[in-house]
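Participant: Keeping the supplied structure of chain A fixed, place chain B upon it in accordance with the hints.
As a plain string of letters, each chain reads:
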Amino acid sequence: MSDIIFIGLSLSSILLLIALGLSITYGAMGVINMAHGELVMIGAYTAVLAGLHLNLNLFFALPLAFVTSGLAGLVIERLVIRRLYGRIIDTLLATWGVAILLQQLVRLEFGLSFLGIHVEGLGPGLQNMTVPGFLTQPFDIAGITIQPYRSFIIVVTLALTALTWWLMYRTPTGVQVRAIMRNPQIAAACGIDVRRVSALTFAYGSGLAGVAGVLLAGFKTVMPEMGAAVVIDGFLVVVVGGVGSLLGTLLSAAVLGQINGVFAILTNDILARAVVFGVVIALILWRPRGLFSFKSR
Amino acid sequence: MTTSRRNFLKQSSAFGAAAALGPGLYAGAAQAASSIDVGVLFSLTGGLSIIEKSLADATMMAIEEINASGGVDGMMINPIMEDGASDPKTYNEKASKLVIRDRMQTVFGSYTSASRKAVLPVFEKRNSLYFYPTYYEGFECSKNVVYTGAVPNQQLSNFIPWIINTLGKKKFFIVGSNYIYPREMAKVSKILIEQHGGEWIADEYLELGHSEWGAMVKKIKDSGCDVVLSNVVGDSVVAFYREFKNQGLTHDKLPICATVTSEIEIAAMGAEFAQGSFTSFPYFQAIDTDRNHAFIERYRKYVNDPKAVTHHALESSYFQVYLWKQAVEKAKSTKADAVREGVRGQVFEAANGTVTVDPENLHTYLTPRIAQWGADGQGTIIDEYKAPVEPLPYVAYGETAENLFCTAKGLDSSKL
Numbered sequence: 001m002s003d004i005i006f007i008g009l010s011l012s013s014i015l016l017l018i019a020l021g022l023s024i025t026y027g028a029m030g031v032i033n034m035a036h037g038e039l040v041m042i043g044a045y046t047a048v049l050a051g052l053h054l055n056l057n058l059f060f061a062l063p064l065a066f067v068t069s070g071l072a073g074l075v076i077e078r079l080v081i082r083r084l085y086g087r088i089i090d091t092l093l094a095t096w097g098v099a100i101l102l103q104q105l106v107r108l109e110f111g112l113s114f115l116g117i118h119v120e121g122l123g124p125g126l127q128n129m130t131v132p133g134f135l136t137q138p139f140d141i142a143g144i145t146i147q148p149y150r151s152f153i154i155v156v157t158l159a160l161t162a163l164t165w166w167l168m169y170r171t172p173t174g175v176q177v178r179a180i181m182r183n184p185q186i187a188a189a190c191g192i193d194v195r196r197v198s199a200l201t202f203a204y205g206s207g208l209a210g211v212a213g214v215l216l217a218g219f220k221t222v223m224p225e226m227g228a229a230v231v232i233d234g235f236l237v238v239v240v241g242g243v244g245s246l247l248g249t250l251l252s253a254a255v256l257g258q259i260n261g262v263f264a265i266l267t268n269d270i271l272a273r274a275v276v277f278g279v280v281i282a283l284i285l286w287r288p289r290g291l292f293s294f295k296s297r
Numbered sequence: 298m299t300t301s302r303r304n305f306l307k308q309s310s311a312f313g314a315a316a317a318l319g320p321g322l323y324a325g326a327a328q329a330a331s332s333i334d335v336g337v338l339f340s341l342t343g344g345l346s347i348i349e350k351s352l353a354d355a356t357m358m359a360i361e362e363i364n365a366s367g368g369v370d371g372m373m374i375n376p377i378m379e380d381g382a383s384d385p386k387t388y389n390e391k392a393s394k395l396v397i398r399d400r401m402q403t404v405f406g407s408y409t410s411a412s413r414k415a416v417l418p419v420f421e422k423r424n425s426l427y428f429y430p431t432y433y434e435g436f437e438c439s440k441n442v443v444y445t446g447a448v449p450n451q452q453l454s455n456f457i458p459w460i461i462n463t464l465g466k467k468k469f470f471i472v473g474s475n476y477i478y479p480r481e482m483a484k485v486s487k488i489l490i491e492q493h494g495g496e497w498i499a500d501e502y503l504e505l506g507h508s509e510w511g512a513m514v515k516k517i518k519d520s521g522c523d524v525v526l527s528n529v530v531g532d533s534v535v536a537f538y539r540e541f542k543n544q545g546l547t548h549d550k551l552p553i554c555a556t557v558t559s560e561i562e563i564a565a566m567g568a569e570f571a572q573g574s575f576t577s578f579p580y581f582q583a584i585d586t587d588r589n590h591a592f593i594e595r596y597r598k599y600v601n602d603p604k605a606v607t608h609h610a611l612e613s614s615y616f617q618v619y620l621w622k623q624a625v626e627k628a629k630s631t632k633a634d635a636v637r638e639g640v641r642g643q644v645f646e647a648a649n650g651t652v653t654v655d656p657e658n659l660h661t662y663l664t665p666r667i668a669q670w671g672a673d674g675q676g677t678i679i680d681e682y683k684a685p686v687e688p689l690p691y692v693a694y695g696e697t698a699e700n701l702f703c704t705a706k707g708l709d710s711s712k713l
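Chains A and B supply the protein sequences, listed in that same order.
Reading the first sequence from the start, the letters are residues 1 to 297 in our numbering.
Reading the second sequence from the start, the letters are residues 298 to 713 in our numbering.
Calculated directly from the structure, the hints in this document are not laboratory data.
Ideal placement from N, C-alpha and C gives every residue a C-beta, glycine not left out.
Just to be clear, a hint being listed does not mean it is correct.
Simulated restraints, written as ranges between beta carbons of each label pair [as the list claims (entries may be wrong)]:
| # | chain 1 | residue 1 | chain 2 | residue 2 | range |
| --- | --- | --- | --- | --- | --- |
| 1 | B | G367 | A | L101 | 39 to 49 Å |
| 2 | A | A228 | B | S520 | 25 to 35 Å |
| 3 | B | A365 | A | H53 | 34 to 44 Å |
| 4 | B | D673 | A | T145 | 21 to 31 Å |
| 5 | A | Y169 | B | S520 | 39 to 49 Å |
| 6 | A | I270 | B | S520 | 13 to 23 Å |
| 7 | A | G143 | B | G506 | 45 to 55 Å |
| 8 | A | A142 | B | G573 | 28 to 38 Å |
Chain A on its own, in the form it takes in the complex (with noise of 0.2 Å):
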């Protein structure tokens, strides 16, 4: 029994993590970012490259995808995003293009194949992130067999929520953050200076993104197309969660990856799936605006 819990939790834990950016991307700021995956991509090929070329493990990784994945949200919010704040079918297609530019960067090695230079770590190919091994080895504690490295995702996922929530609501950034998201005039008639709080809180978003890469690469393969597939489920946990609502975000990933874990188990995981897309769409047939929602731009 413990076991199947753990599993939910797990996938719990994993759909939080990709979807706590989104949540701010898209919930806090209205930009449908179809790039998010992308975000996370370039999370994982940052722990790959810096394993390969600069023998820096995980836990390096971590703090160095944040830097990436944040500075490639930075450029794309200052390039395209800035220009379509409130237009959110607009930001829909313009990230799209934005995702299949950044994947061909990845497999072209940012053009530099085309003069005949490979890069390790970069291309079409499949690459992998080495996990050091004390994460791998499961123990037991008690009777229970602890796994080390989705009880590490678990951690840091918590983490990273607590830390989204302090700064979210016990920082004046945060403040200000939470005045655009309901009235950005309003907002910018008092003074805060909407355009930089949102290319801020844009990059940080992306930031997560990249720390989700890290952690994905870990377990599942590394390439150009990783993204699309997790960038659905990240849409769909924000949405049932309520946009813009942390907790909704979080309570929504914990229900969904508890659901699809006992399914997995008791039938098998192509069923699975279709539960948790059924699920979904009673929750947004009974509440539209999601679990927790609240009036915003």
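Facilitator: What follows is chain B alone, placed relative to chain A:
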């Protein structure tokens, strides 16, 4: 006057040259043409491009080698490359383009069964030849395809008895990706398992590309099986082996015996996750012959990557171009009908050993081998047949060497 005499001459000579270079003219023309066009159709983009790019590279390498050593009967091969984009529908469109517009008599291509099935009608309707390099599930008998990868009896007929008798494992958990290849492989496996006194206790499938293996590996752990037979395909393989180790399962107690996991997947997951597990294929990079060492060296040089790995479908992609060359030289024609007759019984010394095209069903005699994966990501070959094994694409339906279902006349459907 709109056309000057000079322009007219230019145009007519250009036209003449184009006609001489036209594909498929070799057979009819009294004088030899100077080049032969062939199609090369693999996915250069999309999810499968990771593997298919290496197949395209191996094909192009063989073509360049043949051209550098004087071509086919003195004619240069002129490859026309198209991108299947990891999508069966695109495969069908590109095959139509190659066969109908470019009038290709021969095309080399495809990795997945889905893409092969998608292009098959084009080749059968227009009577062109398709050279298919990948191991596949059998159950196909087309006179328009030359199959140079393994069929189930060449991957499983040594593997299952070996697992039961040598490894001493009798309880099988069969797991695969949810499409035709793993399901047909499971069908053949079950027949063989029961024949040799083993039992299978589960037969489970996950979507292609599925990367969350927590629940499935737990099922394996709780099932009481003593061996896992994996027909998992693509990047799912990586997630599967990693989760297997993360849940504390080890290959010395509960080995994964796989039919798809090749050097390319091992490199992607990290060698420590596969160390101790087994795979059955006719070709491994670890085959210790001078011919194979030279092949690997040439391939690495060709793709400009000193760490590039070679694998079964890649090696077949390479040698099937040579089989085609020999067939053209024997038939003295590039026409599909002539090449088909020419390729029957063709023998070639490939990196995996001697390969022969079966004169009846156009599949290929290959030597089954079993390898155990080591810490360096390479296999150690621990079992191999002494001689190449006859391909039997309908083995799951009772086909034997004495009772062939698929012959030069076509499929005898009364036997199914």
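Participant: Decide, hint by hint, whether the structure agrees.
Facilitator: These are the hints, each one checked on the structure:
1. B/G367 with A/L101: 39 to 49 Å: holds, 45 Å
2. A/A228 with B/S520: 25 to 35 Å: 33 Å Cβ-Cβ, so the 25 to 35 Å window holds.
3. B/A365 with A/H53: 34 to 44 Å: This hint holds: roughly 36 Å between Cβ atoms.
4. B/D673 with A/T145: 21 to 31 Å: holds, 30 Å
5. A/Y169 with B/S520: 39 to 49 Å: Holds, since A/Y169 and B/S520 (Cβ atoms, about 47 Å apart) stay within the stated range.
6. A/I270 with B/S520: 13 to 23 Å: Because 18 Å falls inside the window, the suggested range holds.
7. A/G143 with B/G506: 45 to 55 Å: violated, 36 Å
8. A/A142 with B/G573: 28 to 38 Å: This hint holds: roughly 30 Å between Cβ atoms.
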